[in-house]
Every structure is written in C-alpha cells, then in structure tokens.
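Enquirer: If you read the sequences in order, they're chains A and B. Residue numbers for the first sequence follow the working numbering, beginning at 1 and rising by one. Residue numbers for the second sequence follow the working numbering, beginning at 1 and rising by one.
It is worth saying that the hints were derived from the structure and are not from the lab. There could be a bad hint or two in this list.
[What the hints assert, rightly or not] Label-pair restraints from in silico Cβ distances: (1) A:THR193 x B:ALA26: 56 to 62 Å; (2) B:LEU191 x A:ILE93: 38 to 44 Å; (3) A:PHE87 x B:ALA27: 48 to 54 Å; (4) A:VAL75 x B:LEU298: 55 to 61 Å; (5) A:ILE76 x B:MET341: 49 to 55 Å; (6) A:PRO96 x B:ALA26: 33 to 39 Å; (7) A:PRO96 x B:MET90: 44 to 50 Å; (8) B:MET90 x A:VAL159: 51 to 57 Å; (9) B:LEU222 x A:GLY188: 25 to 31 Å.
If you're wondering where the values come from, they're calculated on a predicted model, not measured in any experiment. C-beta: ideal position from N, C-alpha, C; glycine also.
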Amino acid sequence: MVVINSQLILEAILNGIISGSFYALVASGVSLIWGTMHMVNFAHGEFYMIGGYILFYSLTLWRLNPVLGIILAAVIVFFLGIGIQRFLIHPMIGKPGWEHAPMILTLGVSIFAQQAAMLVWGERYKSIPYFAEGTIPIGGISVAIQRFLILAVCSSVIVVLWIVLKRTKIGMAIRATSQNRDAAALMGINPFTMFTLAFGLSVSLASIAGCMLAPLFLINPWMGHGPLLKSFVVCILGGLGSVEGAILASFLLGIFESMGVILISSEWKDILAFIIMLIILYIRPQGLLGIKERT
Amino acid sequence: MGLDQFFTTFKVKPTRPSPAMTITLAASLILFTIPIFIRGSYMLHIIILILLYSCTAQSWNILSGYIGVSSFGHQAFFGLGAYTSALFAMRLGISPWIGLLIGGLVSAGFGLVVGYPVLRLRGGAYTAIVTLAFAEIIRISFMNLVEITRGELGLWGIPVFPSIVVPGLGKISFEAGARTPYYYIVLIIFLLTFFMSYKLVNSRIGLAFRAIRESEDAAENLGVNLTKYKLLAFGISAFLAGVCGSFYAHYILILMPTTVLASGVVIDMIAMTFVGGQGTLFGPILGSFILISALEYLRFLMYYRWLIYGGLFVIVMLFAPAGIIPKIVEIAQRGMIKDLMRASSREVED
C-alpha cells in the first residue's frame, strides 16, 4: 500500500499539469476541426506520428537543432494537412452523408499512413535524446527539464493559438466561419479557405505535440493511437467544438489521471479516462462547457 | 409445425415466389450440399470463414447501412461474445450451444448500456468516439484481467461443441479439426442471420431505420422515436456480432486480445461492407467472399492488406459511397444502356 503524503500529491499534480498541457495541444486541434467543419479527424494521431518521425530524421540525418526540427515538422505537416484537406476532404463537403463520410475517409487515411510508415520507416521503435538533460528541484521533488519543456512549449503554443484565433483577422475569419458559414461567406470570407487553414493549423498542432513527446515515448508507427483517443475523450468532456472546454478538460483529466495512478495500477490508468467519459455522457452529455446542440 | 402453419406464422406466401426468393432458396440448397463436393478441409475452412465474416459484416451493415450509425469499436462486441462463451464453458461448464446465445446476449447488453447515452444525442461523432473508447476499455480490461483471461498469452483449452444426436443422421461430434459439422453450424447461423435481416429490413422497423438514415429530422417529425430505433439496431447488431464471436471461440479454440479485440476486426467488417455494397443484404456476403478469397489465394496481398484497406476507404468515400461492386454494376449498366441507345438509334437510321 502506498503511503500518500503531500510530496506524492504535489508530484501527481505537477505530472497532471504536464500531461494536461499535452492533451490540450492535441485536443485543441481536434476541437478546432469539429468547430469549423463539423467533422472528426481520425487521422489526427497520424499527423502526430509523422511529426515525431520528421523530428527524428531532422535530428539524426540532417543534424538540425531540435527547435528547427520542431518548426520544420510543424511546417511540413501543415502543408501535408492542407493537401489532404484539399484533395480528399474538400470534394465531400456539401454532399449527403457528411456526418459519417469524413470519419471513414480519415480512418482510411489513418490505416494507410500507419502501414506506410511501417513499410517505409520500419517496425523498430526509434528513440531520440532529451532536448535538455538535468532536473529542476521543486518543493522537495525533482522534475526533468524535458518535462518542463513539454509544459512550456505546449502551453505557449496554446496561448499563441488563442491569440491567433481571438485577435488576428484570420482567426476571426475562422471563428466566424464556424459560427455561421453562410453569414461569413456574405462578409467576403471564403469558408473553404478557412476550412483548409483550420485543418492545416489543427494537424500542425498535433505534430508539435508529437515532437515534444517523442523523447519520452519511442517513435513508432502506432504512437498516434493513444493521444488520438485521449484527445477525443477530452473533447467530449469539454463539449465538442469548444476549444476552451477542451483545454479545461485536458488539465482536469491530466490531474485526475495522475492522481488515479497513486491508487490504481498504471495498466488501468487508460481506462479511467474512458469511464469518466461514459459517466459524463450519462449525466451531462453536452460536456463541461458545451452548449446543448441540436443539429 | 405443419408447412401451412409455417407459411401463416411467417407470412410467407407459398404461391408465386419472386425470382429473388427462388434464387435465394436455390442458393441455400446448394450451400447445404457444399461439403459433399468439397473434400479438402482447407477449402472448407475458407468457406466457413467467408460465412462467418459475412455475418459479422452484416452486423456492421445493419447499423451503418440501414440506420446510418457508424460504430468503430464493433470488435468489442465480437470479442465479448467470444470470451463470454469460452469462459462460461471453461469455468462454469455451460454448454457452448447455450454459450452461443449467452455470448450474443451479453454483447447486446453491453451494447445497450454503451449505446444509450450516445444514441440519444444527435451527430454520429459521439457514437463513433464512444464505440472507439468502449473497444479500448474492453481490450485493456481483457489484457489486464490475467487471472481470468490469461491476458496476452491467449485463452486456450476452450471446449468444442458437445456432440448432438440428429434423428436420421445419428451422432454428430465436433472434435477439433473437423470441418463439416462446423460448416453446418455456421451455415445455420448464416441463414438465420440472412433471414432475420431480410425480415427486419422489410418490416415497419426496417422502414423506420431507413427513414432515420435518410433524414433524422424528417423521421422525427413523422413520429419515429429516434433513440428507440437506434438502440434497437445497436442491440441487434451487437447481438449478432456476439454470436459470431462465440462461434469463432469454439471453432478456432484460441482467443487473444490482439486478434479478437484488435481494431482489425472492425476494419474487416467495414471493408467487406464497402466492397459488396452498403445498405444491401447481399453486400456483406459478396464483400466477405471477395476479400477472404482474395487474401487467401493471393497471399502477397496480405502484406499490403491494411494499405489496401486504407486506400479502399478513401476511394469508396470519394467515388463510390454505395460500395465498390454497386459502382461497377452501375458503370456496366450505363455502358449497356449507351450500347442499347446506340443500337436503337442505328436501327432508326436504317
């Protein structure tokens, strides 16, 4: 039986905040796509995986600085996402079956990308070194600098996303499109351009998350599966389509999970999130910050 | 039960059967005689798999093709049925014959519990995410409950079906490796599935299903209770998947979370439905036949299997939402109509 003391709880909260910031980064992308285009991207995890691989090759093959590697990954995945949106998802917009078709299409993209990654890059797990060695002592516990970097980068990217969405013209155009596509079009916004931009933005967030987590977990073709499911859970908890809700739910889930690990063994940790989601759907289906929608 | 009584209870008109009915009856008669012609047990094994997978694909098709609810975690129901029946037989000594039913009922029960909170919500995204998460809950649980399921090592030592005495044929035993008796079990499951699905989709309930698929708003305005019908479809589909899983357990005799609870199971179901045609009764059967025989006889495809499936989903969604075979038929028909028109115009010219 573990002894629960304040140090253990502090550590759990800190770990929870760190993984929460990572969930928030992946989930805000999923939420952004749902908000603007009303679709679920099942291939979101694969962009996360591709981000990890790009970082791996930029570190080992091209000997780039990690910062440059992450920027490169974000940019490449941004254009990859734009390409997929334009050529695969765009032709389906406005056709019947929009509710299901993009899910199955992106599931296909996901299976294809996983298998292609396995055939091209091999089944062997790849590891990359920590961006910075060493630990920082906080209140009697020591935390690896790498984990702080995750927190710092993920939170600042979210803040940047926030500023872009709330303050810039493009961000306002994206939000206008998600609020009312026709009204936005009347104001001279091309909604399809906004869809493409939002998609590119969303998947490049996933790739940044993949890069930040790559040193902790090994890079492999299936690495996107876990974060994808977690980000879906977080989006439902926060209310589908609400980026604020997703961010709030991410931190809550992160802390809840790391607290839970104190009490139950870690193999069962992943189930915790799914069970919370089911309970929330029973008692508050619209999520924490969602509005009850009937579309 | 006399034949007349059969006709009245099932409302089948004995006079003037439709051509489709005649073909179906003839096909089922041929299916019953297959083991006489096919001696190779390997070949029979492939046919058993084709029949089994056409039932699992049908369970997905009832949901997605008829009521328009997509489940991405259907392997959970297949695996639940398989593990339930196997464990009941191993630990409690319950006959696998009853296990077939129990496996289906347990799956259906879980299906209703998981389906209820999401099926009352609008939007397929909720159902998709929750089914995905539910499959993960089941997979992780069955991996971690090592004392009960042996976890990743796999559950083996599953009892086979106990022998039965059929009047006129004598005692039939189902020892491991025997193909013909298993063929008849799966054939009966297959025919029942087909018959029940046929009855279902052509009933008032089936009409409500299709109304919901075409437009939830319109269906609701006409007084169709969306949640009730969606739950019904979900329960039926989970039951069917559970029965199939339960047969699989007593036929293959080894269960592993990485095979029966992996996402590959549902991807197979989706691929088969899409190849054969979504929202048709023959679609999943055709799809199962094409995909399983292709993978068996063109072994090199196995290596690129998921790559092909991935591409298939994209192509189907973009170019052939009804399915691959319906699209080919449509193109062929269009060609034929063109030929006919050309021929008739030539006649007019002459």
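Enquirer: Compare the structure with each hint and give your call.
Expert: Outcome of the hint check:
1. Taking 56 to 62 Å as the suggested C-beta distance range, the pair THR193 (chain A) and ALA26 (chain B) conforms, at roughly 57 Å.
2. For the hinted restraint 38 to 44 Å between LEU191 (chain B) and ILE93 (chain A), the CB-CB distance of approximately 42 Å keeps it satisfied.
3. For PHE87 (chain A) paired with ALA27 (chain B), a C-beta distance near 42 Å fails the hint of 48 to 54 Å.
4. For VAL75 (chain A) and LEU298 (chain B), the hinted distance range of 55 to 61 Å is not satisfied, since their beta carbons lie about 40 Å from each other.
5. ILE76 (chain A) and MET341 (chain B) have their C-beta atoms about 51 Å apart, which keeps the hinted 49 to 55 Å range intact.
6. About 36 Å separates the C-beta atoms of PRO96 (chain A) and ALA26 (chain B), a value consistent with the hinted range of 33 to 39 Å.
7. Roughly 48 Å separates the CB atoms of PRO96 (chain A) and MET90 (chain B), a value that falls within the hinted 44 to 50 Å.
8. A hinted range of 51 to 57 Å holds for the C-beta pair MET90 (chain B) and VAL159 (chain A), which are about 56 Å apart.
9. Checking the proposed 25 to 31 Å range against LEU222 (chain B) and GLY188 (chain A) shows it is violated: the Cβ atoms sit about 40 Å from each other.
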